[in-house]
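Given the structure of chain A, go ahead and fit chain B onto it with the hints provided.
Going down the list, the protein sequences come from chains A and B.
Mapping the first sequence onto the working numbering, position 98 (from 1) lands on 98, and the numbers just tick up by one.
If you want the working numbering, it's the 1-based position in the second sequence plus 382.
Just so you know, the hints here were simulated from the structure itself, not pulled from any lab data.
Hints may contain errors.
Derived DEER-like restraints, expressed as beta-carbon distance ranges [said to hold, decoys possible]:
1) A/R31 with B/W429: 44 to 50 Å
2) A/R249 with B/R521: 34 to 40 Å
3) B/D468 with A/L313: 32 to 38 Å
4) B/R453 with A/P71: 22 to 28 Å
5) B/D455 with A/L356: 20 to 26 Å
6) B/W429 with A/R253: 19 to 25 Å
7) A/D236 with B/R463: 56 to 62 Å
8) A/R75 with B/V516: 17 to 23 Å
9) A/D236 with B/P466: 48 to 54 Å
10) B/P437 with A/R355: 49 to 55 Å
11) A/D309 with B/P466: 36 to 42 Å
12) B/R518 with A/R224: 22 to 28 Å
Take a look, some chain B residues computed to stay more than 12 Å from chain A by CB distance [claimed, not checked]:
13) P443
14) R446
15) G456
16) A457
17) R463
18) R510
We put the beta carbon where it would ideally sit given N, CA and C, even for glycine.
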Amino acid sequence: MRALCWVAIGELAVREVPDPELRNERDVIVRVRRSATCGGDLPLLAGRHPLLRPGDVLGAEFLGEVVEVGPEVRRHRVGDRVVVGASVACGGCWYCRQGLHSCCDNAHADLASADPDWARSDAGCFGRPRAAGGFAGGHAEYVRVPYADVSAFRVPDAVDDERAVFAADVAPTGWLAAELGAVRPGDVVAIWGAGAVGQLTARAAVLRGAARVLVVDRHEERLRMVERHSDAEGLDYRRTDVAAELRDRSGGRGPDVCVVAVGTPPARSRADRFGGQHADRPDALREAVHACRKSGVVVVLGGTAGFVDAFPLGALTERRLTLRGAGRPDLRDVPMLLDRMARDELRTEHLATHRLPLAQGPEGYALFRDRADGCVRAVFTP
Amino acid sequence: MVPMGRLARAGPALGGAALAGAARLLRVPRRGARPGADGDAAAPARWEVVTVDRPPEQVLPEGRWPEPLRRLDGAVEVRVRPAPGDRGTELAARPLAGVTPPTGLAAHLVGDDPGLLVRRTLRQIKQRVEAGEVLRADRSALDRPEVHG
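With the rest of the complex left out, here is chain A:
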């Protein structure tokens, strides 16, 4: 089959690779109909993951049709159209039973690396190196889905592929951010980053009853999307004093909930490294901590930073803030989000700014990485 593979730093290629096969009794094989680029792929593309090997198949977000079913699969049959959650989770460990699928104990694909000194095992993920607990990704014609009864969800007929593919990761991540922030009716919510996750965090906050949702970014087309599709207000940080604006629009209190959804920072420059700057500088996070109201909640999403310097810990403690984080979403919200998509409460297809055949995967990732041509997400069809 054909798949989009990592080849070298900054280089992807569509190659012929072996078809996937059932490896466990709870697996299914899915024929991919759509797959989407993901911000978590960018560090891989840049060669910042030490375990990535040439030929690894990328793609954490995809949707397709079940074509093969393992003997212990109960909820799916051949022919089902399913969206597959980005977290691979067993459904039976303590974390899964609390609904914390992204913390699953049993979805690590390589027990040899289950060394607490090296890396705490957590949920598996598609399109990540096998030695890091990953599985072959969804930018391919076929994908093996472990624990399919837990990780795959039948898509309602009323939801088309272009909308449903974002139920794999982006929509549940946005919902999780609002949940971690405990967004309540009447809250003022500020979000840094108007990418796909930031936009759907804004939408989730609106659906949970927030009185005012503000999204900070510098890309005008993304800020327009926020206003059109999320019922939120955009703030262009190049043209306004964000801190003053947030104080002003929250009655001087500061936002009740601040969400940092700025994605992965660019690699540190050589000048920074030679100058002793070895860690990322979390500008958006610092701004969020300073802006948040006393006793408010700051939520940090995704691979914002591995290590950071100059974190304003004093502001966190003096103002009794709560800091919460999430790298990947749980699976429990996916059915609810698909229902909201079916009711047209949650529209996501506008995020697919570039719809391309899989053969143009490398070009799609270049657009996505560079945010060129207004790209929010590239969606591929095998």
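Relative to the frame of chain A, chain B by itself:
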């Protein structure tokens, strides 16, 4: 003193609570010095431990060591106790002191860290009990004949 594994195998009717209680009391005496995790040659090897989200009677059905732990009989000692807060069972194991290190292929697989084999074994038990199967990684292209395209 009786090794935990032999006691478990000898008592298939032993209840989970009794088993857990007995496990707290029974320890295999250290037979000789071996390097500990901190490099102290006289220290025993460090316990490796997992918490399995099931009661002891499901982790050690009929009081027996589950597979693949049974294969390590004579090479490890095992400790079992209920986890606090209804979190299931804490299952711990560590290499027995004085047991000859593996040789040949086994040594190649385990390397110089016998704790790795113990950790892997404990995690396999946890996966079997909680998820019903041990998750297998995708076969990589390197494992299978190359496809040219």
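Problem set entry | Pairwise beta carbon distance, A/R249 to B/R521, judged against the given window 34 to 40 Å | 54 Å Cβ-Cβ, so the 34 to 40 Å window is violated.
Exercise. For the pair A/D236 and B/R463, does the Cβ-Cβ distance stay inside 56 to 62 Å?
Worked result: holds, 58 Å
Exercise. Is it true that B/D455 and A/L356 lie within 20 to 26 Å of each other by Cβ?
Worked result: violated, 57 Å
Exercise. Do the beta carbons of B/W429 and A/R253 sit within 19 to 25 Å of each other?
Worked result: For A/R253 against B/W429, whose Cβ atoms are near 51 Å apart, the range 19 to 25 Å is violated.
Exercise. Hey, does B/R446 actually stay past 12 Å from chain A on C-beta?
Worked result: Given a closest Cβ separation of 21 Å, the condition holds.
Exercise. Does the claim that B/G456 lies outside the interface with chain A hold up, using a Cβ gap greater than 12 Å?
Worked result: holds, 22 Å
For this session: Using the beta carbons of B/R453 and A/P71, state whether their distance is inside 22 to 28 Å or not.
Result: holds, 26 Å
Exercise. Do the beta carbons of A/D309 and B/P466 sit within 36 to 42 Å of each other?
Worked result: Given about 38 Å between the Cβ atoms, the range holds.
Problem set entry | B/R463 and chain A, when compared Cβ to Cβ, separated by more than 12 Å | Its Cβ never comes within 12 Å of chain A, the nearest being 16 Å, so this holds.
Problem set entry | Cβ distance range 17 to 23 Å for A/R75 and B/V516, holds or violated | holds, 21 Å
Exercise. Is it correct that the beta-carbon of B/A457 has no partner in chain A closer than or equal to 12 Å?
Worked result: holds, 18 Å
Exercise. Taking the CB of A/R31 and the CB of B/W429, does the distance hold inside 44 to 50 Å?
Worked result: Taking Cβ atoms as reference, A/R31 and B/W429 lie about 46 Å apart, which means the hint holds.
Hint compliance for this structure: hints 2, 5, 6, 12, 18 are broken, all remaining hints hold.
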